[in-house]
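Guided by the hints, dock chain B onto chain A, whose structure is given.
Chains as they are written, first to last, in this note's numbering: chain A, 1 to 114; chain B, 115 to 257.
Simulated from the structure, these hints should not be mistaken for laboratory data.
There's no promise every hint is true.
Stated by the list, open to error - Below, simulated BS3-like cross-link-like pairs (lysine-lysine); rule was C-alpha separation at most 27 Å, straight line: (1) A/Lys30 <-> B/Lys128; (2) A/Lys88 <-> B/Lys251; (3) A/Lys88 <-> B/Lys125; (4) A/Lys88 <-> B/Lys183; (5) A/Lys30 <-> B/Lys183.
Unchecked claim - A few chain A residues facing chain B, derived, Cβ under 10 Å: (6) Gly13; (7) Ile15; (8) Phe20; (9) Ala45.
We put the CB at the ideal spot given by N, CA and C, even for glycine.
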Amino acid sequence: MHLSELIARFLIGGIIVSFFAVLAEMFRPKSFAGLFGAAPSIALATIGITIAGHGKSYAAIEARSMIYGAFAFLLYAASVSFVLIRLKARALTATVILMPIWFAASFAFWLILR
Amino acid sequence: MIVHARLAVIKGIKLQEWILRFIFGGAVCVIAGLIAHFFGPLIGGFFLAFPAIFPASASLVEAHEKQHKARAGFDGTNRGRIVAAIDAFGTTMGCIGLAGFAFVFWIWLPRADLFVVFALAALAWLVLSVGFWLLRKKHILHR
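Chain A extracted, bound-state conformation:
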C-alpha cells in the first residue's frame, strides 16, 4: 500500500467522519442524532479508493463482511445503552470497556463466514 493512498484515506476519512459527527451534534432529539453514530462514514471514505486499487469484486467481499460488522456494532451499541441506564456507568467507561463485544461478535461472524 502506497503512502499516498494512506494519506488519502486519512484525509478523506477524517473529513467524512467529522462531517457525520457534526450532524450527530446538530440534530434533536438525541435518539435521532444517534442514527449518525452508525453512519457509513468509513465505507464512504474508503470504498472509492479500494475500488480504484483492487476492483469491484474485492470491494464487494469487504461489503459482505461489513454487513456482519454492522450487526456486531448493533450488539455493542445496545449493550452500551443498557449499561448506561442500568449500571449508571460513565459514557467513556462504558464505551471503552464494552468495545470487546464488537470484536467478539465480529470474530464469531468471521468464523461463520470463512
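Below, chain B without anything else, positioned relative to chain A:
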C-alpha cells in the same frame, strides 16, 4: 418531539473536539485499509463498520449535557448519562441502516455503475435508519 437541526451547535464545538474527530476518523480509515491489505478483504470489511467515532461521541454528548445543566445550576451527571444512553440507542437503529448500506454494495457493486450503487446504498441507509427509528418512536417495535 419533531426532528430539527440546530446550526448554532457548530459554533459551540471546540477546536480540540474537531481535531479529535478528524484524527480518529482518519486513523480508523487508514487502519481499516491496512487490515484489508495484510489480512484480506474478508477481515478488512468488518472494520468498515467499526464504531470509530462512537466512544468519543457518546462521551462528548454526556459532557455537553452535563455542562448545559451545570450552567443552570444543576448537577447534570445523571442527565448526561441518560442522554448518552438515548444517543446509543439511536445508534442501534442506525446500525440496521448500516447493514442495509453494506448489503446494497455487496449485491449491486459487481453489476452496476459505482455512482448508482453509492446513491442506492445511501438511500437504503437513510430509509432503514429513519424507518426503524420511527417504528421505535411510535412504539410499534414494542408490541
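Okay, the hints, checked on the actual structure:
1. A/Lys30 <-> B/Lys128: Roughly 20 Å separates the two Cα atoms, so the pair holds.
2. A/Lys88 <-> B/Lys251: Satisfied, since the Cα-Cα distance of roughly 24 Å is no more than 27 Å.
3. A/Lys88 <-> B/Lys125: The given pair, whose Cα atoms are some 30 Å apart, is violated under the 27 Å limit.
4. A/Lys88 <-> B/Lys183: Measuring from Cα to Cα gives roughly 18 Å; hence the hint holds.
5. A/Lys30 <-> B/Lys183: With a Cα-Cα distance of about 16 Å, the restraint between A/Lys30 and B/Lys183 holds, given a limit of 27 Å.
6. Gly13: This hint holds: A/Gly13 lies near chain B, its Cβ roughly 3 Å from the closest one there, short of 10 Å.
7. Ile15: At 7 Å from the nearest chain B Cβ, A/Ile15 passes the 10 Å test, so the hint holds.
8. Phe20: holds, 7 Å
9. Ala45: holds, 5 Å
Hint compliance for this structure: hint 3 alone is broken.
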